[in-house]
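The primary structure of each chain is shown beneath.
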Amino acid sequence: MDEGSGAPRRSVLDDLLSGDQDFARVRQAEQRNRRRQGQNEIDVPQFHGRPGDFLDATRPNSGTYPYTNDNGHGVRAGADEKDAPYSSNYSLLTQDAVFQPDEACEDIASLYRALWNEQYAPELLPFATDVTHDMHELLEYQEQLLDDELHETDGAGQRDAEAVSFAQLSRLLRRTELERLRYVLRAYHRVRLRKIERTAPFLLSSAGAHTLATRLSEPERDFATSYLTLLEQHLTSSFLQLLPERLRALDDKDDTVAMIAPPHIDAYVFCRVLEPPPGGVLRLNNDAGGREEIQELRMSTNEIICMRYRSAAPLVLAKQLQLIF
Amino acid sequence: MHGQRAFELVQQLRMSVGLPGYDEAGLKEVASEMRDLHGVLVESMQQMQRRVQHGEALDEAQVRAIQCSTVVHLRSVQRNKRCALAYLVNRARRIQMQRWELGATAAARSDSCMSAQEADFLRKYSDILGEYCDAVQLDVTAEIQPPSDLLIEVRVQEDLGTVQTEDGAMHLRRGTSLYVKRGDVEHLIRQGSLEQVQN
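Just so you know, the protein sequences line up as chains U and E, in that order. Residues in the first sequence are numbered consecutively from 1, following the UniProt record's numbering. Residues in the second sequence are numbered consecutively from 1, following the UniProt record's numbering.
Note that these hints are calculated values from the structure, not bench results. All residues carry an ideal CB built from backbone N, CA and C; glycine is no exception. Worth double-checking, as some hints may not be accurate.
Within a straight-line C-alpha distance of at most 25 Å, the following computed SDA-like cross-link-like pairs (lysine to any residue) qualify [claimed, not checked]:
no. : chain 1 : residue 1 : chain 2 : residue 2
1   : U       : K253      : E       : V10
2   : E       : K28       : U       : S237
3   : U       : K253      : E       : Q67
4   : E       : K181      : U       : L150
5   : E       : K181      : U       : T176
6   : U       : K253      : E       : R75
7   : E       : K181      : U       : S170
8   : U       : K195      : U       : R215
9   : U       : K253      : E       : A86
10  : U       : K195      : U       : L317
11  : E       : K124      : U       : I196
12  : E       : K181      : U       : A187
13  : E       : K124      : U       : R198
14  : U       : K253      : E       : C83
15  : U       : K195      : E       : E131
16  : E       : K124      : U       : V191
17  : E       : K181      : U       : E162
18  : E       : K124      : U       : R248
19  : E       : K28       : U       : M259
20  : U       : K195      : E       : A142
21  : U       : K195      : E       : A86
22  : E       : K181      : U       : E177
23  : U       : K195      : U       : R221
24  : E       : K124      : U       : L204
25  : E       : K124      : U       : P219
Short derived list, chain U residues pointing at chain E, Cβ under 7 Å [to be verified]:
no. : residue
26  : T176
27  : E179
28  : R180
29  : Y183
30  : H189
31  : P219
32  : F223
33  : L230
34  : H234
35  : F239
36  : L242
Just need the whole structure built from these sequences, with the hints factored in.
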């Protein structure tokens, strides 16, 4: 993958095993290893994993949702096995990582939770400053590791051919993994930007001032302001300037439809219970049709519930509920 | 009928995908209809005021008639405005979508369907997106689809010479196909210089 970017028509296999390796030799090595360890199945990490699979070296057997591996175990760390690159315990994560593996795993999980909540909540949620910052650092750091390793192998010259080809495979997997995580991070920013675009008039009105001040990051506030200015300029120069002065306002509020709509927080959402409220019962205050009505809702962990966003919002913010649809 | 032309504008968008041609004449007609309606409205209000000032007594039927006409005209003006703005805002959203999906250069190519103001809007929108990306140190517009593979096969559609990437040089000669990192060539695919080979 590294030196052959320009070569025409190469298969994945060619790239994985470039150099003087061929597939048969790798298979032989695998079999040798298998015999040496006296086991039938080789626990080589699957390529089609979920994001984060290759970046966390130790994974709890009952990993937090949604990171549980199908078979309950992922890539395990094994510091003393460096000479047996195909063994089941070979770690894809360098041992001296600054980030503790479980910490990185927790960041990835939080990023996912933030993305899903944001995607399905009808209003803007607070910007996940810590998570995005940590993810950014994690990605930069891993990128740096990969680059360093690449230069190391370049300088090493003739080394054990098997180790070289394994290093290439490992780098390919990790780089793919990085790309996927970077995608998730981008998706998070994108979902928020799209929401900000849709709700910009509300956010910058007096009713949305609180949301704007507390829930948006600095760059997002700038984006919201310049976007709304841009849109208003566009509407004015395309159409509104043709109208009499009194009809040009963009914040009319007549008795049928207001031009600035607040987010629809009475929408229904689906959520998964991460942590049930004390006693397992949530008391809902439904003001249906003007009369107050207290309703009790039983919740247990991992249950899926459909409820009004208005009632779910405090629990979502407290990370007790996870929006899922 | 009041508001007919404005409704047609909205209908145009509803019945099309992508970005249909810009209906400048339509918007101008709507605006002139609104000016006329607004004129009538103002006129009738002023008339009413004059009559009240002159101490003229109005019977109930006359008052009703004036109220009715006022409401109808006002609502027509409002409806026209809503339709015209809906037309513009929805077009703006489609333009934004093109910016996200195709990238700045390719989106600007379809400016035959845009008005001068819309082309300007697209340019400035790209600018503020760029500012946001700089601020968060992440190109949020890259790769809209989740990446399945790191490397993809592409066919070169135009001669672009040699492009340097972090892994070395890439020779882009028309008609050849390459196996390269997605991130390195994504902008070229969006521009249409390369085509991704689906397997």
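Hint by hint, here is what the structure shows:
1. Distance hint between K253/U and V10/E is fulfilled; the C-alpha atoms sit about 21 Å from each other, no more than 25 Å.
2. This hinted pair checks out: K28/E and S237/U have alpha carbons roughly 12 Å apart, not beyond 25 Å.
3. Under the criterion of a C-alpha separation no larger than 25 Å, the hint pairing K253/U with Q67/E is consistent with the structure, at around 20 Å.
4. Using a Cα cut-off of 25 Å, the hinted pair K181/E and L150/U holds, with the two alpha carbons roughly 16 Å apart.
5. As the CA atoms of K181/E and T176/U are separated by approximately 10 Å, the hinted pair is consistent with the 25 Å bound.
6. Only pairs whose Cα atoms come within 25 Å are accepted, and K253/U paired with R75/E is accepted, the gap being roughly 13 Å.
7. Annotation: proposed proximity of K181/E to S170/U holds, straight-line Cα distance about 16 Å (limit 25 Å).
8. Simply put, K195/U and R215/U have alpha-carbon atoms about 12 Å apart, close enough for the 25 Å limit, and the pair holds.
9. Distance check on the hinted pair: K253/U and A86/E sit about 16 Å apart at the alpha-carbon level, within 25 Å; holds.
10. Proposed proximity of K195/U and L317/U is supported: the alpha carbons are some 18 Å apart, at most 25 Å.
11. This hinted pair checks out: K124/E and I196/U have alpha carbons roughly 17 Å apart, not beyond 25 Å.
12. A hinted pair counts as satisfied when its Cα atoms are at most 25 Å apart, and K181/E with A187/U qualifies at roughly 20 Å.
13. Only pairs whose Cα atoms come within 25 Å are accepted, and K124/E paired with R198/U is accepted, the gap being roughly 17 Å.
14. Taking the CA atoms of K253/U and C83/E, the gap is near 16 Å; set against the 25 Å cutoff, the hint holds.
15. Distance restraint check for K195/U and E131/E: the Cα-Cα separation of roughly 18 Å lies within the 25 Å cut-off, and the hinted pair is therefore satisfied.
16. Our distance criterion of 25 Å between C-alpha atoms is met by K124/E and V191/U, whose separation comes to about 20 Å.
17. Distance restraint check for K181/E and E162/U: the Cα-Cα separation of roughly 24 Å lies within the 25 Å cut-off, and the hinted pair is therefore satisfied.
18. Taking the CA atoms of K124/E and R248/U, the gap is about 22 Å. The hint holds against a cut of 25 Å.
19. Only pairs whose Cα atoms come within 25 Å are accepted, and K28/E paired with M259/U is accepted, the gap being roughly 22 Å.
20. Between the alpha carbons of K195/U and A142/E the distance comes to roughly 18 Å, so the proposed pair stays at or under 25 Å and holds.
21. In summary, the hint linking K195/U to A86/E is supported, as the alpha carbons are separated by about 18 Å, within the 25 Å threshold.
22. A threshold of 25 Å between alpha carbons decides the hint, and for K181/E with E177/U the separation of about 13 Å falls inside it, so the pair holds.
23. Of the supplied pair hints, the one linking K195/U and R221/U holds, its CA atoms being roughly 12 Å apart against a limit of 25 Å.
24. Between the alpha carbons of K124/E and L204/U the distance comes to roughly 19 Å, so the proposed pair stays at or under 25 Å and holds.
25. About 16 Å separates the Cα atoms of K124/E and P219/U, which keeps this hinted pair within 25 Å; it holds.
26. Against a cut-off of 7 Å between C-beta atoms, the interface hint on T176/U holds, since the closest Cβ of chain E lies about 4 Å away.
27. The beta carbon of E179/U comes within 5 Å of a beta carbon in chain E, closer than 7 Å, and the hint placing it at the interface holds.
28. Checking R180/U against chain E by beta carbon gives a least distance of about 6 Å; that is within 7 Å, so the hint holds.
29. Residue-level restraint check for Y183/U holds (minimum Cβ-Cβ distance to chain E is 5 Å; threshold 7 Å).
30. The closest approach between the C-beta of H189/U and any C-beta of chain E is roughly 4 Å, which is under the 7 Å cut-off, so the hint is satisfied.
31. Hint on P219/U holds. Least Cβ distance to chain E is approximately 4 Å, under the 7 Å limit.
32. Given the 7 Å rule on beta carbons, the hint for F223/U holds: about 5 Å separates it from the nearest Cβ of chain E.
33. For L230/U, the suggested interface contact is upheld, since its CB lies about 5 Å from the closest CB of chain E, less than 7 Å.
34. Because the closest C-beta pair between H234/U and chain E is about 4 Å apart, less than 7 Å, the hint holds.
35. About 5 Å separates the beta-carbon of F239/U from the nearest beta-carbon of chain E, less than 7 Å, and the hint is met.
36. The closest approach between the C-beta of L242/U and any C-beta of chain E is roughly 4 Å, which is under the 7 Å cut-off, so the hint is satisfied.
Going down the numbered hints, you'll see the structure goes against none, and every one checks out.
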